[in-house]
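Protein chains: 2
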Amino acid sequence: MTKELVFGHQNPDTDTIASAMAFAYYQNQLGYEAEAVALGEPNDETKFALNQFGLKPLRVIETAANEVESVMLVDHNEPQQSVSDLDQVSVSHVVDHHRINGFNTAAPLYMQLRPFGSVSTILTEMFQAKNINIPAEIAGMLLSGLISDTLLLKSPTTTDHDREALPYLAKLAGVDADKYGLEMLKAGTNLAAKSDEQIVDGDAKTFELGGTKVRIGQVNTVDLNDVFDRQADLETKMNELSATNGYDTFLLVATNILDSDSELLFVGANADKVEAAFDAKLNDQHRMALPGVVSRKKQVVPPLTAAFEG
Amino acid sequence: MTKELVFGHQNPDTDTIASAMAFAYYQNQLGYEAEAVALGEPNDETKFALNQFGLKPLRVIETAANEVESVMLVDHNEPQQSVSDLDQVSVSHVVDHHRINGFNTAAPLYMQLRPFGSVSTILTEMFQAKNINIPAEIAGMLLSGLISDTLLLKSPTTTDHDREALPYLAKLAGVDADKYGLEMLKAGTNLAAKSDEQIVDGDAKTFELGGTKVRIGQVNTVDLNDVFDRQADLETKMNELSATNGYDTFLLVATNILDSDSELLFVGANADKVEAAFDAKLNDQHRMALPGVVSRKKQVVPPLTAAFEG
Numbered sequence: 001m002t003k004e005l006v007f008g009h010q011n012p013d014t015d016t017i018a019s020a021m022a023f024a025y026y027q028n029q030l031g032y033e034a035e036a037v038a039l040g041e042p043n044d045e046t047k048f049a050l051n052q053f054g055l056k057p058l059r060v061i062e063t064a065a066n067e068v069e070s071v072m073l074v075d076h077n078e079p080q081q082s083v084s085d086l087d088q089v090s091v092s093h094v095v096d097h098h099r100i101n102g103f104n105t106a107a108p109l110y111m112q113l114r115p116f117g118s119v120s121t122i123l124t125e126m127f128q129a130k131n132i133n134i135p136a137e138i139a140g141m142l143l144s145g146l147i148s149d150t151l152l153l154k155s156p157t158t159t160d161h162d163r164e165a166l167p168y169l170a171k172l173a174g175v176d177a178d179k180y181g182l183e184m185l186k187a188g189t190n191l192a193a194k195s196d197e198q199i200v201d202g203d204a205k206t207f208e209l210g211g212t213k214v215r216i217g218q219v220n221t222v223d224l225n226d227v228f229d230r231q232a233d234l235e236t237k238m239n240e241l242s243a244t245n246g247y248d249t250f251l252l253v254a255t256n257i258l259d260s261d262s263e264l265l266f267v268g269a270n271a272d273k274v275e276a277a278f279d280a281k282l283n284d285q286h287r288m289a290l291p292g293v294v295s296r297k298k299q300v301v302p303p304l305t306a307a308f309e310g
Numbered sequence: 001m002t003k004e005l006v007f008g009h010q011n012p013d014t015d016t017i018a019s020a021m022a023f024a025y026y027q028n029q030l031g032y033e034a035e036a037v038a039l040g041e042p043n044d045e046t047k048f049a050l051n052q053f054g055l056k057p058l059r060v061i062e063t064a065a066n067e068v069e070s071v072m073l074v075d076h077n078e079p080q081q082s083v084s085d086l087d088q089v090s091v092s093h094v095v096d097h098h099r100i101n102g103f104n105t106a107a108p109l110y111m112q113l114r115p116f117g118s119v120s121t122i123l124t125e126m127f128q129a130k131n132i133n134i135p136a137e138i139a140g141m142l143l144s145g146l147i148s149d150t151l152l153l154k155s156p157t158t159t160d161h162d163r164e165a166l167p168y169l170a171k172l173a174g175v176d177a178d179k180y181g182l183e184m185l186k187a188g189t190n191l192a193a194k195s196d197e198q199i200v201d202g203d204a205k206t207f208e209l210g211g212t213k214v215r216i217g218q219v220n221t222v223d224l225n226d227v228f229d230r231q232a233d234l235e236t237k238m239n240e241l242s243a244t245n246g247y248d249t250f251l252l253v254a255t256n257i258l259d260s261d262s263e264l265l266f267v268g269a270n271a272d273k274v275e276a277a278f279d280a281k282l283n284d285q286h287r288m289a290l291p292g293v294v295s296r297k298k299q300v301v302p303p304l305t306a307a308f309e310g
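If you're matching them up, the sequences are chains Z and H in order.
Letter by letter, the first sequence follows residues 1 to 310 of my numbering.
Letter by letter, the second sequence follows residues 1 to 310 of my numbering.
There could be a bad hint or two in this list.
Which copy? The list can't say, so a pair holds if one copy fits it or any two copies do.
When the alpha-carbon atoms are kept at most 30 Å apart in a straight line, the in silico DSBU-like pairs for lysine-lysine are as follows [to be verified]:
#1 Lys171 <-> Lys281
#2 Lys273 <-> Lys298
#3 Lys194 <-> Lys47
#4 Lys130 <-> Lys171
#5 Lys194 <-> Lys130
#6 Lys213 <-> Lys179
Please keep in mind that the hints were generated in silico from the structure rather than gathered at the bench.
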């Protein structure tokens, strides 16, 4: 068994970084050589979590095939969200909580997919099933990933599995989940310190929907005005990125983590399909209120998929 | 939670039938309403197993959307091997040991994939992990599926997980694994009683390789002459099925289960790619010896994929 790399998606968020760290540790405990790496620098929220638990950022890689023959994916499976040379390596393991899209392999593999709120929760149950102890700093990162992806259990993606894992991880990590969680989420919402590109593209993912390329960014905030006071500049950046990367549609979902509502900003083509997806009209500022929407995966991508591919 | 159907692939083999039965039972024990069904009548080997353990064949369905909104797949994920209206239902669960190919979903789901010799083995470990007792007749079917897919642990797909599951299941089922296993395998090789179509297509699967449709059948025997004495008729049937169904290439892998060797029969286009795949020439009878080859999944599909898509 030769060494493998373990990594999450591009534009890494806290759940992706935590999952890579924890799954590499898990594989190490089972006797396999695995190194957690990242496809980008940690965001402010993840930096807060790493700092809290005394960990350094993961090494950032651009390509995998120059280092290893085989990789393990966490928190993603869509090739366009992965390392650029994924087709040059084989994928031996996937641990994920997203839909399957465009992911094909030449050989059988290990896949552990659950429709849970975070991959951190799936991994927590995997450690429990094999009776492997979770060190405090790994538990702290898994707790952070779980809090980040479920917005402290408020997202509709939250399951009973997540609700059970949260206090279990908080105890192992030695922190108060609610207090620490709100601090961590707020650390990720300091928009004044973020560039326009970081806001629109920092957490963005590309989706191939009905033959078109749809880019969907999401930004968390405690005040939607912090986003839309900069709307003109953000739209300019979205148009610029679309031109450079060939996106047909660019959507930014601005989510207020305190009241769990979102507002959508639209740029590009297919306005009719976006309106059909959410059964609402874009206003003359190219925006649409999405009350109660906080989950891109569960509340944004599925209706868009239906509208673009239906 | 409304009722879901649980089924394996078209042209069901023993592992697919056993997996559907066992996973439906497993879901029932967890409190969910699930019914095991089949996409075709059981083959002779599966009939032998059902008879041994006092079970009736599963109900055969043609479509799923007329009965349920959601289904659970076992032992397959490629849509062309599944129910014809798979795109009309959502897939909530997959338990499988094949590569991922062309399988996409609109939403996150439960997937338990392992590169083990049989899905029966994966399910055995799932019962163990949840401490759910396996009734004797379900254990007998899982044992049969495991023996069938691994040719009594002789196939190169066999893993330590399969080797551990076999005696465990045999004890629960109350049979001698080697004695019962050889009888069951032989029951599936009574070629005299099989039509040409049953031989070439009874266990066949379609693979989309590099834009072409490749049909690959496999037949087990205790004497390769029982197959090739009928070669002219088999080729006629393969050509006929290719014309009707648009297969570009049709391969029949005849496997001697006693000495673990195979002989390939070729019909259609792309002879050069088939020869490249196995680094050998087809003889003037359109045949090629494949010494040591018994596994379509591990020893036939991967080299063909490389040759057709490389």
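For each hint, the structure was consulted:
1. Taking identical chains as interchangeable, the C-alpha atoms of Lys171 and Lys281 are never at most 30 Å apart, the minima being 46 Å within one chain and 64 Å between chains.
2. Taking the shortest alpha-carbon separations for Lys273 and Lys298, only the intra-copy value of 18 Å comes in at or below 30 Å, while the best inter-copy value is 43 Å.
3. Taking the closest pair of Cα atoms, Lys194 and Lys47 come within 30 Å of each other only inside a single copy of the chain (14 Å); across copies the shortest separation is 66 Å, beyond that limit.
4. In the homo-oligomer, the alpha carbons of Lys130 and Lys171 lie at most 30 Å apart both inside one protomer (19 Å) and across protomers (25 Å), since each shortest distance falls under that limit.
5. In the homo-oligomer, the alpha carbons of Lys194 and Lys130 never lie at most 30 Å apart, since the shortest distance is 41 Å inside one protomer and 47 Å across protomers.
6. With identical chains, the CA atoms of Lys213 and Lys179 are never at most 30 Å apart, being 39 Å at best within one copy and 57 Å at best between copies.
The earlier numbered hints that this structure contradicts are 1, 5 and 6.
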